[in-house]
Structure formats: structure tokens, C-alpha cells
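*Asks:* Please model the entire structure based on the sequences and the hints provided.
From first to last, the protein sequence lines stand for chains A and B. Just so we're aligned, residue 1 is where the first sequence starts under the UniProt record's numbering, counting upward by one. Just so we're aligned, residue 1 is where the second sequence starts under the UniProt record's numbering, counting upward by one.
Simulated from the structure, these hints should not be mistaken for laboratory data. Fair warning: this is a prediction, and the values are worked out from it, not measured in the lab. Some hints could be false.
Stated by the list, open to error - Below, a sample of chain B positions facing chain A; criterion: calculated Cβ distance under 10 Å:
1. M1
2. D5
3. S9
4. R321
5. M326
To be verified - Derived lysine-lysine pairs resembling DSS-like cross-links, with alpha carbons at most 30 Å apart:
6. B:K18 - A:K138
7. B:K2 - B:K18
8. A:K75 - B:K2
9. A:K77 - A:K26
10. B:K8 - B:K417
11. A:K77 - B:K417
12. A:K79 - B:K417
13. B:K18 - B:K8
14. A:K79 - B:K8
15. B:K18 - A:K140
16. A:K140 - B:K2
17. A:K75 - A:K26
18. A:K140 - B:K8
19. A:K77 - B:K2
20. A:K79 - B:K2
21. B:K2 - A:K138
22. A:K138 - B:K8
For glycine and all other residues, C-beta sits at the position ideal for the given N, C-alpha and C.
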Amino acid sequence: MSTPVLETENLVKVYGRGPAQFHALKGLSFQIHRGESVAIVGKSGSGKSTLMHLLALLDEPTSGVVALDGRPVSKLKPKTVSALRNETFGFVFQQFFLNPNQSVLENVTLPLKIAGVSRSERDQRGMHALEQLEMADKAKNRATDLSGGQKQRVCIARALINNPDVLFADEPTGNLDSATSETVENILLNLQRDHGITLVVVTHDEDLASKCQRRLIMQDGEIVEEQTGVRVSSSRKAPITGGQGRPAPRRRRLLSFGRAGAR
Amino acid sequence: MKSLDLTKSALSNTLRSKLRTALTVIAIVIGAFTLTLTSGLGAGINQTVDRIFGGFGVDDVIYVVPQMEADAQEQDGPPEYDPEAGVEPEDGFGTGMLSAADVEIVEGLDHVVGVDTEVAAQLEYLQAPDGGQYQAQFDFALNDVLAEFAAGGAPDRGEMQITLPEDWLEIFGTEDPEDALGQTLIVAAPNAVGQTTEFEAEVVGVTQGTLAGVGFTPIPSVALAEEVADINAEGYEGQMPEAYIMAAAEIENLEANEDAVKDALAAEGLWGLTVEDQIAMFEAVIDAITWILSGFALIALLAASFGIVNTLLMSVQERTREIGLMKALGMSRARVFTLFSMEAVVIGIMGSVVGIGLGLIAGFVTNGLLTADDGPLGGFAELSLFGLDPFAIGGIFLLIIIIAFLAGTLPAARAAKKDPIEALRYE
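*Replies:* Right, dumping it as C-alpha cells:
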């Protein structure tokens, strides 16, 4: 197989010191190949968010290596790492992180603005991204005037605008009801399938996880199980942690993105 | 991020919480306003001085006065009387006067082509043609070159001539300065035993008071002042020490020989000053006052800079998640730092533009009101209290921007330092 787009070797992340030390990741080694969809699944505190932050170059491991396209990144300067994130990654967050003072279009084009792309090209590519997600008519709206699903679509447009190699989605459906969740899931998976974008999803929505080609099940800082193949799964009914498949609106556990869960 | 985009972002960010920005800007405005006024005041007065003194062609004269004893000003208690240490009649040194010997020395110096002396002349009264008698004190005869004339000109130093200040015109019952020219006054001087001698003098000029303090009293010609001094000395028993207040030494080719003459004078215990030196001394005083006043304005600016620090710290705190997002999306530390320090600079620019603008308006309006012909300071010739000095204004503008930038560095460094993960998690 070709060089994996992302690769880790003996990845360790330790928070704190002395007796208060907490081993968030206990030596993970795995590969993510170009064009793959991978779900990192686990309970709060299992280390899945920490893992995603390391993969997305937002944080540095205590020891071990993260390699992007076969190139170890730990030795790179912060400025180079920032540029790499800007050019190769797209981010979708559970809490959207849209700037309420700016229009939808301005929010979507932020990565290009950071990259130093001219205004006219930014707007053109921004409109294109919004069209892909059928949000072009909202381009001039304030970001706060949108519904949850619309906001997440704006976020996806923002994540796509720099034509990323890898799209990181941190609980992308965490704040959405079930119908909207499904739409967003389909958008993400279509992007992976039709455009060859590598998709890395952190979630405890089993439904979303089951649609990915590969699932890394995490527990206490280790990958306890690896499942492959899209499951024609059980559940349109219930998330892993949910109750009995109540109809919409379905809320995931709110503390999922919280402090404990993230580490 | 491109610089243009950074600037635009910084501008729109500062306009986001308008009230907070406005309050911070007001603090800067106060500092900028005060600085503009104080520097404008200094510039105005110095421009006035330049204008008044600039027109004089008597650039080849060095004024000579005795050198002050360095410790004359500072004494611990009164000195004890020493009967042996009487002041020699020939020696003007220490009395603040030049002796005849001093004047001879000056005359004997290289490059000196002529010396005029200033004697102390005491008047009894001046008598108008209609017989009215007025008390008067002469200005220095050698100050004639510094006077500003409403009519006529300086007296001929060798003739019995005199100039009068504008407010003396009433003794001729006129308001037109031209009417006074050619009139004859009777000058009355007392002698040592109290008798009064009278002689005639012609009015050749009408003076306006200037900032240098010249022209508020009648200016005699040198010959007239000497005549009065001679009368004063009549009847004096014993040797009247010849004493001069100052001497004006005419120098050939002043520009080339100025330093040589001054050094020679200094070696004789004398002090030489050109008109330019006197202007420079005057301007130094004005500058000192300007700097002291500007110091207070700087204190106001210093206080305002803490306002910027405070405002931006709040802003960084509020926008933690936004900063986290920008960093996650690949904005470098340096750019985040630049973005926030630009916001400080934007606040500085707003404050300085408004403050300097208001300061200029206030300065020129006040100047216009005060120095108008019927204003409280209208009696000074060509006085302007407020002047536009483009370099000073530019300097103030730059200074405020530098202060604002420095104030912004602390919050900007905080923003730049934020860890994107922590920042995105911030509630």
C-alpha cells in the first residue's frame, strides 16, 4: 500500500507530573491511509480527543512520533506546523466556533484569509464551497441567524475551503438532532467517498462510527479493538450511550466535549 | 494572513465593542489634546520671537556685560563685613556694572571697530509741549534695535532724540502715531544735589511693546542717555566712578570673529552676547516651560496606555475561543500578536487624530480670541500664542502610536501564547 497519510508510532501523552500524572495515551501505533474514513470511538476520558489533537498537530506528544505523509512532524518549527495545519487539514467542531460578528461567507473563508489569499479569490472559493453544501443563499447572513444543522454545514464548508487532505471532525453531530445528524453524516461520508478526502471522526455516536470504514475503539488510553468494514448496522435507533431510540430531537451526552472527555 | 487583511480585521475588531473602545480612546484624546496645546504654545511663542527678532540687520554687534560671579547666587547667610575689601572705584567687577577700564579693554580687542556704552540715566520728568509733566524711566538706549515701531524709527545714536511707547500718545492728544513724530519734549534730569536741568529732545519714533520687554518705556538715543547721566553726575563730590550697564561692541565680520571676541572677553572677566544669543536664551526658557507642560501631558498619556492594556486584556479574554480557532486553523503566533498589537495601534491612531485635531482647533481659536486687537493680550506686537509646528505634530502622532503599540504588547503576547486546544475549550 502507498505511504499512509497519517502514521503514529508508540504515541504517548502524559498530563501532569508526579502522583497527579495522568497517562492519556499509552503508546499507540497505527496508520491512516489516504482516502480512508476512520472513526475514533470511546467513552469520555478514553483519550480519543487527545489522540485527535495529536494527529491534527494541535498538540505535541510526550513521546512517540506522528508522521504526515511519511514525514515526522515533531521536529518542525511551530510556524511550519501552523502552515501545515492551514494547508492540509480541515476542522469540524461540535460547537461550530463560528464568529457571530461576521457573515457566513467571512466565516467560511477564514482559513484562506489566514493563508493570505486575496479577497476576491477568497469570496469566489467561499461561494463555491457554500454552493456544494447548498448554503449559498445564506452567504450574507450573520452566522448566529442559522439553525444548528446550517451552522454545521457552514463549518464543513469552512473545513473544505482549502481542499484539505484530511478532514478532522470532533463530535460533528454532537449538537444536532437526529435528522440533521444524518444529513451531516451523509455530507461528510460523501466527501470522503466522492472526493477522496481522508476523514477522521471522533465520536461516540455509534451510528456515525458504523458508517466509517474503520473504527478504533479506545479505552483508558489504548486502542482495545479495531473494526473494519462499513457495518450495515443495527441502529438507526440508538447511540452507544443513548436510551431507547427515542425519536428526534436526540441529544448526545453533553459532557462529551467537556474537560474530562477531552483528555 | 496578509497585512491588509490584518489591518482590516484589527479595525473591525476595535469597532466591535464601541463603548469600550470609545472610553479608551477618550483617555488617549485627552493626552494628545494636551500635548498638542503645550507644544503649540511653545511653537507659537518661539515663532513670535523669531518673527520679531528676525528682521534686525544689526547682526554685527556683541553686547558686553560683566560676568556674574559663579557663586553670587548661592550664599550661606550674609557675608561678614571686611573693611579691607572695599570696592575700588575703577573696578566695576562684582557690582554688575562695567568700569571705564572694562570699556577700554573692549575697545582694545581685535576685530572691535566701535563701542557704544549704556549708562544709567535718571530722569526727573518729561514735559509735553502743552506743559504737562510726566514721570518716566528710560529703556536702555542700546535696546533701540529690538524695538517694534508703530511709526518712525530708532533714534540716531548721536542726536538728542527719543522714542515713546504707544500709550504716551495721549500727551499730544492724538491717537495717530504719525502725529507724534517731530514733536519736541523737554527732558528734565536731576543732579547729585537735587537741582533739575532741562533740555530738548525730538520724538522720532513710536514703539509697541514686545515680548522681550522692549518698547514699553521711552527709549533715548545714546547721546541723550549720556547727557542725562552727565547731568546726574553734576555736583558729585569726589571721584564719580564711571560705570556702564553694558557696552555694545561693533565687530567686523561677526560670523568669523564671534568666538574669538567672546573668548577674549571671557579672559577679561566679561561676557559677550549677540542678539542671536539673547534670542536663544529666551527660546530656551520657552522650551523649558513647554517641556514641563508636555511632561504633564505625557503623564496623562501614560495613564491612558494602561487603559489600552486593560481594554485589550478584556478583549483577549472574551475572544479566547476565536483566538483558539484562528490558531487551530493555522494562524501563526506572530500573526496573532500582530493582530492584537494592531488593535492597540488603531486605538492610538483614533485617539491621536481626534486629540490633535481638537487641540489644534482649541489652540487657534483661543489664540485668536486672546491676541485679537481688543483681546486681553492684544497690546503685544505680533504676539501669537499658538503655532503649528508640523514636526511636533508628527512627533506627537508617532509618540502616541508607539505608546499604544507598547501598551498592546502585553495583551498581544497573551493572545499569541494561547494554546489552541485550551482556548477552544474555554467557556
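*Asks:* Please work out if K77 (chain A) and K417 (chain B) have their alpha carbons no farther apart than 30 Å.
*Replies:* Answer holds: K77 (chain A) to K417 (chain B) is near 15 Å, not above 30 Å.
*Asks:* Should the interface hint for R321 (chain B) be scored as holding, given a Cβ-Cβ cut-off of 10 Å against chain A?
*Replies:* Holds, about 6 Å.
*Asks:* Taken at face value, is the distance from the CA of K2 (chain B) to the CA of K77 (chain A) at most 30 Å?
*Replies:* 21 Å, holds
*Asks:* Does the structure keep K2 (chain B) and K138 (chain A) at a Cα separation of 30 Å or less?
*Replies:* With a Cα-Cα distance of about 26 Å, the restraint between K2 (chain B) and K138 (chain A) holds, given a limit of 30 Å.
*Asks:* Taking 30 Å as the top limit, are the C-alpha atoms of K75 (chain A) and K26 (chain A) close enough?
*Replies:* Since the Cα atoms of K75 (chain A) and K26 (chain A) sit roughly 21 Å apart, the hinted pair holds (cutoff 30 Å).
*Asks:* Could you grab the alpha-carbon distance between K79 (chain A) and K417 (chain B) and see if it respects the 30 Å cut-off?
*Replies:* Holds, at about 13 Å.
*Asks:* Take a quick look at whether K140 (chain A) and K2 (chain B) sit within 30 Å of each other, Cα to Cα.
*Replies:* 23 Å, holds
*Asks:* So, M1 (chain B) near chain A? Judge it on the closest CB pair being under 10 Å.
*Replies:* 5 Å, holds
*Asks:* Take a quick look at whether K8 (chain B) and K417 (chain B) sit within 30 Å of each other, Cα to Cα.
*Replies:* 22 Å, holds
*Asks:* Given S9 (chain B) was flagged as interface, is its beta-carbon under 10 Å from a beta-carbon of chain A?
*Replies:* At about 8 Å, which falls below the 10 Å cut-off, the nearest Cβ of chain A leaves the hint on S9 (chain B) intact, so it holds.
*Asks:* Within 30 Å, alpha carbon to alpha carbon, are K140 (chain A) and K8 (chain B)?
*Replies:* Given that 30 Å is the threshold and the Cα spacing comes to 18 Å, the pair holds.
*Asks:* Is the hint on D5 (chain B) kept, meaning its closest Cβ partner in chain A is under 10 Å away?
*Replies:* Given a least distance of 5 Å, the restraint on D5 (chain B) holds.
When the structure is compared with the earlier hints, no violation turns up for any of them.
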